[in-house]
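J.: Here are the chains, one letter per residue:
There are 2 protein chains.
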Amino acid sequence: MTVKISAAPMANQASDIEEGLTLAPRFGADGLVTAVVTDARSGDVLMVAHMNDEALAKTIETGEAWYYSRSRQKLWKKGESSGHLQRVIELRVDCDQDAVWLKVEQQGAGACHTGRRSCFYRAVPLGQTGAVKLEFRDGERAFDPKAVYGKS
Amino acid sequence: MTVKISAAPMANQASDIEEGLTLAPRFGADGLVTAVVTDARSGDVLMVAHMNDEALAKTIETGEAWYYSRSRQKLWKKGESSGHLQRVIELRVDCDQDAVWLKVEQQGAGACHTGRRSCFYRAVPLGQTGAVKLEFRDGERAFDPKAVYGKS
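Each protein sequence line maps, in turn, to chains C and S. My numbering applies: residue 1 is where the first sequence begins, and numbers increase by one. My numbering applies: residue 1 is where the second sequence begins, and numbers increase by one.
The shape of chain C in the complex, shown without the other chains:
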């Protein structure tokens, strides 16, 4: 038997969605919820991705992270190409059930397809005016994406 996920009916009271114990995700018009992924050890945000009902069900069932790729329009197991799987230590849902938070143990060198540990490797300096210039932070590559994905 697989995980049963019922999207929240429009009629659901906010109190049910916010205070209830039933997982009733509020998928968007695109059928997706937002998934925030943090490193269970460092607390750093590794990536932001999206899940449809099937990705969420597979993640709950297996304890490994599955997502839905908006660009490729398909279900996607994190690490299926790179080997950089994510073991989910804890999964949480937010108040209005349109976002989930995964604390993961990141397998392999990194989560980002550019070769960094995290996708968030550039800072936006605050208090600027005019055109905004980014600054690299933790921008060194943890792996060579060409070697891992076999393309440039």
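Fair warning: there could be bad hints in the mix.
For identical chains, the list gives no copy identity; a pair is met inside one copy or between any two copies.
[What the hints assert, rightly or not] Pairs of lysine-lysine residues, derived as BS3-like cross-links and limited to a Cα-Cα distance of at most 27 Å, are as follows: (1) Lys4 to Lys146; (2) Lys133 to Lys58; (3) Lys77 to Lys133; (4) Lys77 to Lys146; (5) Lys4 to Lys77; (6) Lys4 to Lys133; (7) Lys74 to Lys58; (8) Lys77 to Lys58; (9) Lys4 to Lys58; (10) Lys4 to Lys74.
These are calculated hints, taken from the structure and not from any lab test.
Once you've looked at the hints, dock chain S against the given chain C.
T.: Chain S only, in chain C's frame:
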């Protein structure tokens, strides 16, 4: 002079967006990017929100968190009703520039309109089958939302 934010033109090379130093957010069809907000001290994810170009510009200029409310369809300064402002310690942008990460110092008792410190106060147990039953985690209220927002 205010912050200038130019959305990434469709023709932009992935390499410019991913490796460049120009902030060129890839706003969705709804004009928004996803904003993940973590507590600068604990590393916990406090909330997930959205920003349009104006919210992002105001956040960069002021160092305080501004968002765009999809339900109310308006620009929104975090804490304008509750007094629970967010001082941004660091702002980062992700590889494809459709998400930002704010590490904040949360003013007041909490970030969530339900009265909790974080919006993510329920866990989804892993390895379940069938209907999924949530479990409260850090579910105690840090403030009384009725007292703060003046409504039930």
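J.: Between Lys77 and Lys133, at a C-alpha cutoff of 27 Å, which is it: within one copy, between copies, both, or neither?
T.: Result: close only across copies, 24 Å inter versus 34 Å intra.
J.: At most 27 Å between CA atoms: does that hold for Lys4 and Lys77 within a copy, between copies, both, or neither?
T.: within (19 Å within a copy, 37 Å between copies)
J.: One pair to classify: Lys77 and Lys146, alpha carbons no more than 27 Å apart. Within, between, both, or neither?
T.: Within. Shortest intra-copy distance 20 Å satisfies the 27 Å Cα cut-off; inter-copy 42 Å does not.
J.: Within, between, both or neither: how does the pair Lys74, Lys58 come out at a Cα-Cα threshold of 27 Å?
T.: within (14 Å within a copy, 36 Å between copies)
J.: With 27 Å as the alpha-carbon cut-off, assign the pair Lys4 and Lys146 to within, between, both or neither.
T.: Neither, since 39 Å and 34 Å both go past 27 Å.
J.: State whether the alpha carbon distance between Lys4 and Lys74 is at most 27 Å within one copy, between copies, both, or neither.
T.: The answer is within: 20 Å in one copy meets 27 Å, while 35 Å across copies does not.
J.: Which holds for Lys77 with Lys58 at a C-alpha limit of 27 Å: within a copy, between copies, both or neither?
T.: For Lys77 and Lys58, the Cα distance is within 27 Å only inside one copy (9 Å; across copies 37 Å).
J.: Is it within a copy, between copies, both, or neither that the alpha carbon of Lys4 lies no farther than 27 Å from that of Lys133?
T.: Between copies only: 11 Å across, 46 Å inside.
J.: Pop the pair Lys4 and Lys58 into one bin, within, between, both or neither, using alpha-carbon distances up to 27 Å.
T.: Classified as within; 10 Å inside a copy, 42 Å across copies.
J.: Regarding Lys133 and Lys58, is the shortest C-alpha distance of 27 Å or less found within a copy, between copies, in both, or in neither?
T.: Answer is between; shortest inter-copy Cα gap is 16 Å, intra-copy 40 Å.
Figure legend: structure checked against the earlier numbered hints; the only hint not met is number 1.
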